[in-house]
Amino acid sequence: MLNKQFTIMQIITSVYRFFRPRIVGMVIALLFLAIVLVSVIGTSWPAIDQLPQNLDDQSNIKGIGLLIFTEFVVPFELLSIVLLSAMVGAIYIAKGEAGR
Amino acid sequence: MIPVELYIGLAAVIFAIGLFGFMTQRNGVRMLMCVELMLNSANINLVAFSSYHGNLTGQVFTLYVIALAAAEAAIGFAILMSIFRMKDMIDLDKINVLRW
Amino acid sequence: MAIGDYAFLIPLLPALAFVLTFFLGKKLPNGGAIIPIVAIATSFVISLLITLGLLQNPEQVINQSVSWFAMLNLGILVDPLAAVMLTMVSFVSLLIHIYSTGYMSHDRAQYRYFAETSLFTASMLSLIISDNILQLFISWELVGLCSYLLIGFWYQKPAAASAAKKAFLTTRIGDVMFLAGIVVLFADLFRLYNGAIPDGIFILKFDEIFSQIPQLAAMSTPVLGFQVNHLTLITLLFFGGAVGKSGQFPLHVWLPDAMEGPTTVSALIHAATMVTAGVYLVARTFPMFIAAPDSLMVVAYLGAFTAIFAATMGIVMNDLKRVLAYSTISQLGYMMLGLGVGAAIGAEAVGISIFHLINHAFFKALLFLCAGSVIHAVGTHDMRQLGGVAKVMPITAATMIIAALALAGIGIPGTSIGFSGFISKDAIIEAAYLFGENGGGWFPYVLSIAAALLTSIYIFRLIFMTFFGKPRTAYGGHESPASMTIPLSILALFALAFGALTTERFNKFVSETFVNNFVHMDIPGLAELGGYHLAAHAGHEPLIILWLPVIVGVAGLLIAYLVYGMRIVNMDKLVSRNNPVYKLLYNRYYQNAILTNFLSIKVVYEGLAFAGRAVDRGFDWIVDWIGNISLDAGDALRQFQTGVVQNYAMIVITGVSLLVILIAVVREVL
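Chains as they are written, first to last, in this note's numbering: chain V, 11 to 110; chain P, 1108 to 1207; chain A, 406 to 1075.
For reference, chain V alone in the conformation it holds in the complex (with noise of 0.2 Å):
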């Protein structure tokens, strides 16, 4: 009894401790996710009553990859070339001086 009371005490406290400096923070957060779900749950979504469902074939991935190499073959190119650069970069950067 003692030891739970203790324990509880001991929880808020932390939290109590852990918060404190970042009441603001949290304030703010409160307030941001507050306002997306008043947003959300007062939007009507005109989504599709049933989900695609193909029974022989659940997954999506042929046609992802599809998409990828015909629609979108563009900017899946370009980035490449950025992620490449940013490996690149990154390796520079992280190795620093010493490597040299």
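Rather than coming from a laboratory, the hints here were simulated on the basis of the structure.
Accuracy of the hints is not assured; some may be wrong.
Here are the computed lysine-lysine pairs in the BS3-like style, where the Cα-Cα straight-line distance is at most 27 Å [said to hold, decoys possible]:
| # | chain 1 | residue 1 | chain 2 | residue 2 |
| --- | --- | --- | --- | --- |
| 1 | P | K1194 | V | K105 |
| 2 | A | K431 | A | K562 |
| 3 | P | K1201 | V | K105 |
Following the hints, position chains P and A against chain V.
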């Protein structure tokens, strides 16, 4: 069938958590993680809308966003590493040599 | 083609000569003097031919104008008034240019001199020939500029530089008044047309202005409880411009100082031509003056006062050129008086005044050129160091005596025998008598007679002190070269005979400018409008009135001879610091003390300094305040710029959230 509001709500909650973390954490690595969190909440939204519209484009772009997030994280961590090498710490609020 | 079609060349040729001389003069012998001389000679020939044509047929007034912009135009107008002025200006300018080739031969900046004088001649001719008041004003400013440049021609001398500044600033007061007059006139004319001016009507053209005189005279505005007639206001503002340019009291102070320039410049600008621009302006707008209540009275009284005021100072000056400068002011006063008495004699006033102007231009240019000849040969212009110069320079002395006789107005009344100054000055004094008899007051007449006496005294004092007696100091000297004596002789011829030969013809010719010519003004009707009663001009003055000017002239000659020639009076006693009258005159009525030391330094400079300091402090405080506020605000606001990304994110998110809430609330409420 799960209503789309729940997906969006989940995304909002994750985003708020990421926001809270981003606003309150001082550690650079944690902040980057929180940014990833926010990015991924957006991904959830994309996938949800994609599914509920019966259109795969959103999922394709989710993949792209993940790739971009990888690039961003790579650069971010590289920068953090060089900061750490310079200052022996990664508390971003102490990095203020360019301030004023 | 008729000669009138070339009238536009009259101002254009000297202007072209200015450009050529300015750029090429350095490389030509004599500073390129030949260019302006040829150009001005051509202008003179054209103007002479036009004048002769007009004499034959006064109807053939030349009036060409082109649209400039909006309701303004550029144009030329050669009516009798302009024609005689053009001829006189180009003639005198031509002679002075020829004379200058000798006078300025030792100066290294000759080309600049000739460029500036030809620019001056161009501006002056353009002033005379312009057919609208705006073009006249532009030329008016141009001659002012040339006057400034030429007074300061020897700008290395501090006295010349400051005299140039003084001349420029003093005439500027008048110019601003003139401009104000034009602005008021323009506004009134604009109102008369209700702002809708038909195409092809240039409202600042003289004939347009004159045709609107009755309507202008009907306009009035209350100022400080008085009903101010607009026409009176406009004409008085114009007269203010004339006062500045023509050296009338109280803006005459620049003219004596302007003698710091080369003597030829003094002769050309400050005796013969530019200073008469003011008289010309009043003569040109005479129909406006005669229709404006009180304006002509102001002109007459101020003219008469200036005539005697300057003459008293001329008596005590010891500098050759300054005596002549005061004499010029005094004679300009006579010309203004001649216009002012138009209140009694109508349009004839223009005739006698311009007649005096022309005669004065001849004999005063001659006086200046003679003085220049003396100065050139002897090297001093202090009369106390001269004496007996007649023996060394007989031609100069002879011509100067002729000019002095002309200035003093010696002749036989009742006939047209006499020196040119006699004919015209006598006419003005007689008109002043008529003016007094006609109820205008005797003040102008009395002053003009007294001024005639003083004129005679000071000019013969100059003659006796300079040319006769024994040399007071040892000076070298020789007669001037032919390029100088020939113009002197020609001018002397004109001073001797021009008046006598032309008097009848001339007065009628010029007086009819406004009656039977380009414009047909009903002068008696306009005089009714101005509240002046014209007298019938007939020669029934008492004999004493006719003879009085000559008597005082001869009396002045005798006094000067007795005092300065025979030395019957010991002048040393009279000319001393202890004589209050002498002191007052010699110090020029303390104008310098009053105007410079008190008005400019005490009132204007210190007032400006005080105001400047106050304003400065005010601005200083404001500037400091703005700076401090910015700094403080920056100090306060930069606290937000923590440089910590989290704080920025926090603020952004807060802002977005609040914005969304705000929009939601606003949409709810609306």
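Okay, the hints, checked on the actual structure:
1. P/K1194 - V/K105: holds, 16 Å
2. A/K431 - A/K562: holds, 22 Å
3. P/K1201 - V/K105: holds, 23 Å
The structure is consistent with each of the numbered hints, conforming to all of them.
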